[in-house]
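Enquirer: Heads up: the sequence lines are chains A and B, in that order.
Numbering-wise, this note's numbering comes out as the position in the first sequence, counting from 1, plus 636.
Numbering-wise, this note's numbering comes out as the position in the second sequence, counting from 1, plus 636.
Think of the hints as simulated: they come from the structure by calculation, not from any bench.
Worth double-checking, as some hints may not be accurate.
Identical chains blur together in the list; that is why a pair holds if it fits in one copy or across any two.
[Claimed, not checked] Below, in silico cross-link-like pairs of lysine-lysine (DSBU-like), each with a Cα-Cα straight-line distance of 35 angstroms or less: (1) LYS783 to LYS824; (2) LYS824 to LYS686; (3) LYS783 to LYS755; (4) LYS824 to LYS641; (5) LYS718 to LYS824; (6) LYS641 to LYS686; (7) LYS824 to LYS709.
There are 2 protein chains.
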Amino acid sequence: MNANKIPDIIIGRLPVYLRALQRMADSGLKTTSSQELGELVGVSAAQIRKDISQFGEFGKQGTGYAIVYLIEKLRGILKVDKIWDVALIGAGDMGHALAHYQGFANRGFRVVMVFDNDKSKIGKNVGEFTIEDTAHLVERIKPAGIKTAMLTVPATAAQSVADQLIQAGVKAILNYAPISINVPNNVKVQYIDPSIHLQRMTFYL
Amino acid sequence: MNANKIPDIIIGRLPVYLRALQRMADSGLKTTSSQELGELVGVSAAQIRKDISQFGEFGKQGTGYAIVYLIEKLRGILKVDKIWDVALIGAGDMGHALAHYQGFANRGFRVVMVFDNDKSKIGKNVGEFTIEDTAHLVERIKPAGIKTAMLTVPATAAQSVADQLIQAGVKAILNYAPISINVPNNVKVQYIDPSIHLQRMTFYL
Numbered sequence: 637m638n639a640n641k642i643p644d645i646i647i648g649r650l651p652v653y654l655r656a657l658q659r660m661a662d663s664g665l666k667t668t669s670s671q672e673l674g675e676l677v678g679v680s681a682a683q684i685r686k687d688i689s690q691f692g693e694f695g696k697q698g699t700g701y702a703i704v705y706l707i708e709k710l711r712g713i714l715k716v717d718k719i720w721d722v723a724l725i726g727a728g729d730m731g732h733a734l735a736h737y738q739g740f741a742n743r744g745f746r747v748v749m750v751f752d753n754d755k756s757k758i759g760k761n762v763g764e765f766t767i768e769d770t771a772h773l774v775e776r777i778k779p780a781g782i783k784t785a786m787l788t789v790p791a792t793a794a795q796s797v798a799d800q801l802i803q804a805g806v807k808a809i810l811n812y813a814p815i816s817i818n819v820p821n822n823v824k825v826q827y828i829d830p831s832i833h834l835q836r837m838t839f840y841l
Numbered sequence: 637m638n639a640n641k642i643p644d645i646i647i648g649r650l651p652v653y654l655r656a657l658q659r660m661a662d663s664g665l666k667t668t669s670s671q672e673l674g675e676l677v678g679v680s681a682a683q684i685r686k687d688i689s690q691f692g693e694f695g696k697q698g699t700g701y702a703i704v705y706l707i708e709k710l711r712g713i714l715k716v717d718k719i720w721d722v723a724l725i726g727a728g729d730m731g732h733a734l735a736h737y738q739g740f741a742n743r744g745f746r747v748v749m750v751f752d753n754d755k756s757k758i759g760k761n762v763g764e765f766t767i768e769d770t771a772h773l774v775e776r777i778k779p780a781g782i783k784t785a786m787l788t789v790p791a792t793a794a795q796s797v798a799d800q801l802i803q804a805g806v807k808a809i810l811n812y813a814p815i816s817i818n819v820p821n822n823v824k825v826q827y828i829d830p831s832i833h834l835q836r837m838t839f840y841l
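Construct the entire structure; sequences and hints are all you get.
Expert: Shown next as structure tokens:
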């Protein structure tokens, strides 16, 4: 398997399959079919079989997929069979929501540090974390070997904080700031901007 | 222009172009080029010209795009030249962050109602809103003609709340609940799940 040969759009669907499979496992199911999984996630059965077969033969004609086995395989492929430490930069409303977010547990991530540059916030607690000064970001993140970060700073600060994160060795940034950021080719960025997502739907209304 | 003929992936990029153009306009710029815009958003100049030309001839060879004019056109195409009222269901941490979110202003949306089914929250304030009982969702949303909603409820509640939203006439749902929801063909759903977005990056690390 060569990561560069698998289209991004397929990689993009795997976490959705994994999430649905984990819910099936939680509800006690043992096996599933591409039809059943497809109905849950809104993808055709043929597409699911094609996507999953990129990585090996994980299902059997007639009996379908063993859920726990497929979960294990997908977690391996997506490298979330380990826990990634995540640095959170920006302790505003969205930062607070993410620091408290229960949806990282069992999905491969945990927030381990929270930063802000606002002197009135530094030293205060958000959930179990003490807010640290963004000025110390590189010296804190680099030795900890943290590779993933979430950015919930204002648009005007996003690029300079991203530059610091990259200097600190971060390779994956989930950017909540409403602005595109420039990163080297070996750094990945995903964007979450509710206005963008809403605008992608109003076109069709 | 037939909405069904424009690929979703192009529609998906337009809000990103619009956001970058609005930032350019805010900083006082009058004109831009596909090269300049492309560098800001991480898309090739050729792709930008191709995407925008799907909707008409908005730029001129040599002088590029008049920013305010292109903003006006893109806002019209995406139908955010009006303000969409948005219902927010789920007044947890994420719901609170979205109720306070400043990033909807000038981008076509405003939250107008907040619902929760937790008796201890109903009647309390979040920002300028009084939290209403989800039980009254249909009777409140339908007469108000609200077409867009954000769902920040637990996964277990997401489908039943989505069904109520659809019954109330909502046509576009931004789903923060970590589960896929089933909707009729005439209803659009976009998903925001930070774990999914993070997992789309760890594959490459």
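Enquirer: Each hint should be assessed against the structure and marked as holding or not.
Expert: For each hint, the structure was consulted:
1. In this assembly of identical chains, the alpha carbons of LYS783 and LYS824 lie at most 35 angstroms apart whether taken from the same copy (10 angstroms) or from different copies (34 angstroms).
2. For the homomeric pair LYS824 and LYS686, the shortest alpha-carbon distances inside one copy (25 angstroms) and between copies (25 angstroms) are both at most 35 angstroms.
3. For the homomeric pair LYS783 and LYS755, the shortest alpha-carbon distance inside one copy (26 angstroms) is at most 35 angstroms, but the shortest distance between copies (41 angstroms) is not.
4. In this assembly of identical chains, the alpha carbons of LYS824 and LYS641 lie at most 35 angstroms apart whether taken from the same copy (17 angstroms) or from different copies (31 angstroms).
5. Within a single copy, LYS718 and LYS824 get their C-alpha atoms as close as 19 angstroms, and across copies as close as 34 angstroms, so both meet the 35 angstroms cut-off.
6. Within a single copy, LYS641 and LYS686 get their C-alpha atoms as close as 14 angstroms, and across copies as close as 26 angstroms, so both meet the 35 angstroms cut-off.
7. When the C-alpha separation of LYS824 and LYS709 is checked against a cutoff of 35 angstroms, the pair qualifies both within a copy, at 23 angstroms, and between copies, at 31 angstroms.
Checked against the numbered hints above, the structure breaks none of them.
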